[in-house]
Amino acid sequence: MGKRIGMEVGIAAAEAVALCNIDVAAVYPITPQSHIAEHMADIIHDGRIDAEFITVESEHSSISACAGASATGARVYTATSSQGLMLMHEILPIVSAMRLPVVMGNANRAVSGPLNIWNDHTDIMPQRDSGWICLFTENGQEVIDLSIMAFKIAEDPEVMLPTVVNIDGFQLTHMIEPLEFPTQAQVNKFLPDRKPFATLHPDNPMTMGCFNMPDVFTETMKAKDTALRNSKKTIVKVFNEWGKQFGRKYNVVETYKAKDAETLILTMGSMGETASIAVDELRKAGKKVGLVKLRLWRPFPVDELRAAIKGCKTLIVMDRAISFGGAGGPVATEIKSLLFHDKGRPRIVDFLMGLGGRDVTVEDFIAMVERAKKKKDETYEYYGVRE
Amino acid sequence: MAKKKTEQKKWPEKWHEVTPGCMVFEPGNAANYKTGSWKAQRPVLDTKKCIKCGMCYIFCPEACIQEDAEGFFQADLGYCKGCGICAHECWPGAIAMVEEEE
Chain A
4 MGKRIGMEVG IAAAEAVALC NIDVAAVYPI TPQSHIAEHM ADIIHDGRID AEFITVESEH
64 SSISACAGAS ATGARVYTAT SSQGLMLMHE ILPIVSAMRL PVVMGNANRA VSGPLNIWND
124 HTDIMPQRDS GWICLFTENG QEVIDLSIMA FKIAEDPEVM LPTVVNIDGF QLTHMIEPLE
184 FPTQAQVNKF LPDRKPFATL HPDNPMTMGC FNMPDVFTET MKAKDTALRN SKKTIVKVFN
244 EWGKQFGRKY NVVETYKAKD AETLILTMGS MGETASIAVD ELRKAGKKVG LVKLRLWRPF
304 PVDELRAAIK GCKTLIVMDR AISFGGAGGP VATEIKSLLF HDKGRPRIVD FLMGLGGRDV
364 TVEDFIAMVE RAKKKKDETY EYYGVRE
Chain B
3 MAKKKTEQKK WPEKWHEVTP GCMVFEPGNA ANYKTGSWKA QRPVLDTKKC IKCGMCYIFC
63 PEACIQEDAE GFFQADLGYC KGCGICAHEC WPGAIAMVEE EE
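Those protein sequences? They're chains A and B, same order as listed. Numbering-wise, the working numbering comes out as the position in the first sequence, counting from 1, plus 3. Numbering-wise, the working numbering comes out as the position in the second sequence, counting from 1, plus 2.
Excised from the complex, chain A in its bound form:
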């Protein structure tokens, strides 16, 4: 393997994508994703890779340009954040319905209003039902690895679905970390050229993005849902291939000291690193606490989650998004619903925290574990809110 170098994670995301032999990037800058957009543009305009950078006037256009380019058989990348992702919202389910393997990096940031540019997951959660494969990263190395793996997953003939790699805004995008890059030859070996199922070409007329009447729409939706569910097999396969070639093994649900844990903390994204230190502290104090990290959010890895939480009595879910007026945070609501029929399911405690960039420290995780014990009702709670 190559040597470790210090690099900002946003820049590293663009460098990782540059190793993937992309044909087109259409990226509109937005804080905290801008460094990805700028560096991607630098790489292409400096002629370091043979690709087209489409300068667009909005994110609605960037994702639309990506869809069009992908339909011609190109390997395509875009990146965005928060309001940009919200502007893409209309096009996202169309990209997945057309089975176009676009890869996106999303620098997770709070959705306005009030205007807030800092990190939480309120941008990606409203895109939950758009049919994209949705991955979360915990540190810079995972951003590099998963950005490359995302192309292989998305383009697999068994999958053919767009994939979004979530990168916590600032907490990850602006962090300078020691990172290890694979060589171009290693990536070439890992990631073969895209072999599209079909391409738009004047010599071979066909229709992508067709019209559906009520008598076929339901069938088309079930076919799409099934394709997304089945993609988990390929995701696991690609994770294993990466592990074999590069020695870093990924799982759709990651665990840390979870085996004999009575209480489990569940996180997504960069919070997992802080939570793991809290788990160490609690273990030192003799508490049976562990950690579960959801790497894959869509398709939801329900079997793997069941296996990871088996035997635990309390599951504390860290939700970094709100479903206003709903049953709870989106992650806890989903897990409660999936486990509802399971015998011996754990008690699920739902904390809304880390919103709009508010720091969640080791002490906060320890305090939440304590608070979960005392909490009487089963409704969600805004951790740390000033009462």
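Treat the hints as calculated values from the structure; they're not laboratory data. All values reported here derive from a predicted model rather than from experimental measurement. Every residue, glycine too, gets a C-beta built ideally from N, C-alpha and C. Check the hints yourself; a few may be wrong.
DEER-style ranges, computed between Cβ atoms [said to hold, decoys possible]:
1. Asp228(A) x Glu101(B): 31 to 41 Å
2. Pro208(A) x Ser39(B): 18 to 28 Å
3. Ile60(B) x Phe220(A): 29 to 39 Å
4. Asn34(B) x Gly347(A): 52 to 62 Å
5. Phe74(B) x Asn207(A): 36 to 46 Å
6. Ala33(B) x Arg350(A): 31 to 41 Å
7. Lys225(A) x Ser39(B): 12 to 22 Å
8. Asp206(A) x Trp40(B): 50 to 60 Å
9. Trp40(B) x Arg389(A): 54 to 64 Å
10. Glu183(A) x Ser39(B): 55 to 65 Å
11. His48(A) x Trp40(B): 19 to 29 Å
12. Gly56(B) x Ser340(A): 57 to 67 Å
13. Pro129(A) x Thr49(B): 49 to 59 Å
14. Asp196(A) x Gly56(B): 52 to 62 Å
From chain A, some residues computed to sit far from chain B (all C-beta separations above 12 Å) [to be verified]:
15. Ile8
16. Asn24
17. Gly116
18. Asn207
19. Thr317
Listed next, the in silico EDC-like pairs over lysine to aspartate or glutamate satisfying Cα-Cα at most 20 Å (straight line) [claimed, not checked]:
20. Lys287(A) x Asp228(A)
21. Lys83(B) x Glu222(A)
22. Lys16(B) x Glu373(A)
23. Lys36(B) x Asp218(A)
24. Lys16(B) x Glu222(A)
25. Lys16(B) x Asp380(A)
26. Lys225(A) x Glu15(B)
27. Lys36(B) x Glu64(B)
28. Lys225(A) x Glu64(B)
29. Lys339(A) x Asp380(A)
30. Lys36(B) x Glu222(A)
31. Lys51(B) x Glu69(B)
32. Lys260(A) x Glu366(A)
33. Lys41(B) x Asp218(A)
Let chain A serve as the given structure and place chain B on it in line with the hints.
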């Protein structure tokens, strides 16, 4: 536009027969896709009153009215949405809108 009498093809029959992305590989096959299933009323032409003026043909927003061998203008019910514009425009009153009954 030549109209072929094709049978209503319920394609795809089952969800797993849907092509990836619902892609359509046969160009120009939209005519095979009958779109008239949602109409609540259908036009019925009284050939005794019809003067073959073709006003219905001109006004039909679906362009689904064609002249037949005898010179009468008939709606293709496979595409007709039952909007009633043809009946409204037919000044000799030769077109009646009749409730669709299964």
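These are the hints, each one checked on the structure:
Taking the beta carbon of each, aspartate 228(A) and glutamate 101(B) are about 38 Å apart, inside 31 to 41 Å as hinted. A C-beta distance of roughly 27 Å is found between proline 208(A) and serine 39(B), which places it inside the suggested range of 18 to 28 Å. Range check, isoleucine 60(B) to phenylalanine 220(A): Cβ separation about 33 Å, and the 29 to 39 Å hint holds. Between asparagine 34(B) and glycine 347(A) the C-beta distance comes to about 55 Å, which sits within the given range of 52 to 62 Å.
Taking the beta carbon of each, phenylalanine 74(B) and asparagine 207(A) are about 41 Å apart, inside 36 to 46 Å as hinted. Hint check: alanine 33(B) to arginine 350(A), Cβ distance near 60 Å, so the stated range 31 to 41 Å is violated. Between lysine 225(A) and serine 39(B), the C-beta spacing of about 21 Å keeps the proposed range 12 to 22 Å intact. Our hint of 50 to 60 Å for aspartate 206(A) and tryptophan 40(B) is violated, since their Cβ atoms are close to 36 Å apart.
Between tryptophan 40(B) and arginine 389(A) the CB atoms are about 56 Å apart, so this pair conforms to the stated range of 54 to 64 Å. Checked against the hint of 55 to 65 Å, the pair glutamate 183(A) and serine 39(B) passes, with Cβ atoms roughly 59 Å apart. Separated by about 52 Å at the C-beta atoms, histidine 48(A) and tryptophan 40(B) break the suggested range of 19 to 29 Å. Range check, glycine 56(B) to serine 340(A): Cβ separation about 60 Å, and the 57 to 67 Å hint holds.
For proline 129(A) and threonine 49(B), the Cβ-Cβ distance of about 58 Å falls inside the hinted range of 49 to 59 Å, so the restraint holds. Aspartate 196(A) and glycine 56(B) have their C-beta atoms about 57 Å apart, which keeps the hinted 52 to 62 Å range intact. With a least CB separation of 40 Å from chain B, isoleucine 8(A) remains clear of the 12 Å interface cut-off, as annotated. The non-interface label for asparagine 24(A) is consistent with chain B: the shortest C-beta to C-beta separation is roughly 23 Å, beyond 12 Å.
Even its closest Cβ contact with chain B, about 36 Å, leaves glycine 116(A) beyond 12 Å, as expected for a residue assigned away from the interface. Taking the minimum C-beta to C-beta distance to chain B, about 9 Å, the non-interface status of asparagine 207(A) is violated against the 12 Å cut. Look at threonine 317(A): its CB is around 40 Å from the nearest CB on chain B, clear of 12 Å, so calling it non-interface holds up. Under the criterion of a C-alpha separation no larger than 20 Å, the hint pairing lysine 287(A) with aspartate 228(A) is inconsistent with the structure, at around 44 Å.
With a C-alpha separation of about 24 Å, the suggested pair lysine 83(B) and glutamate 222(A) falls outside the 20 Å cut-off, and the hint is violated. With a C-alpha separation of about 52 Å, the suggested pair lysine 16(B) and glutamate 373(A) falls outside the 20 Å cut-off, and the hint is violated. Simply put, lysine 36(B) and aspartate 218(A) have alpha-carbon atoms about 11 Å apart, close enough for the 20 Å limit, and the pair holds. Restraint check for lysine 16(B) and glutamate 222(A): satisfied, since their Cα atoms lie roughly 7 Å apart, inside the 20 Å limit.
This hinted pair does not check out: lysine 16(B) and aspartate 380(A) have alpha carbons roughly 46 Å apart, beyond 20 Å. A distance of roughly 13 Å separates the Cα atoms of lysine 225(A) and glutamate 15(B); the hinted pair therefore holds under the 20 Å criterion. At roughly 12 Å between alpha-carbon atoms, lysine 36(B) and glutamate 64(B) fall within 20 Å of each other, so this suggested pair holds. With a C-alpha separation of about 31 Å, the suggested pair lysine 225(A) and glutamate 64(B) falls outside the 20 Å cut-off, and the hint is violated.
Note on lysine 339(A) and aspartate 380(A): the hinted pairing holds, with a Cα-Cα distance of about 15 Å set against a maximum of 20 Å. For the suggested pair lysine 36(B) and glutamate 222(A), the alpha carbons sit about 17 Å apart, so the restraint of at most 20 Å is met. About 16 Å separates the Cα atoms of lysine 51(B) and glutamate 69(B), which keeps this hinted pair within 20 Å; it holds. Proximity of lysine 260(A) to glutamate 366(A) is assessed by CA-CA distance (about 18 Å); at most 20 Å being required, the pair is judged to hold.
Proposed proximity of lysine 41(B) and aspartate 218(A) is supported: the alpha carbons are some 15 Å apart, at most 20 Å.
Taken one by one, the earlier hints fail for this structure at numbers 6, 8, 11, 18, 20, 21, 22, 25 and 28, listed in ascending order.
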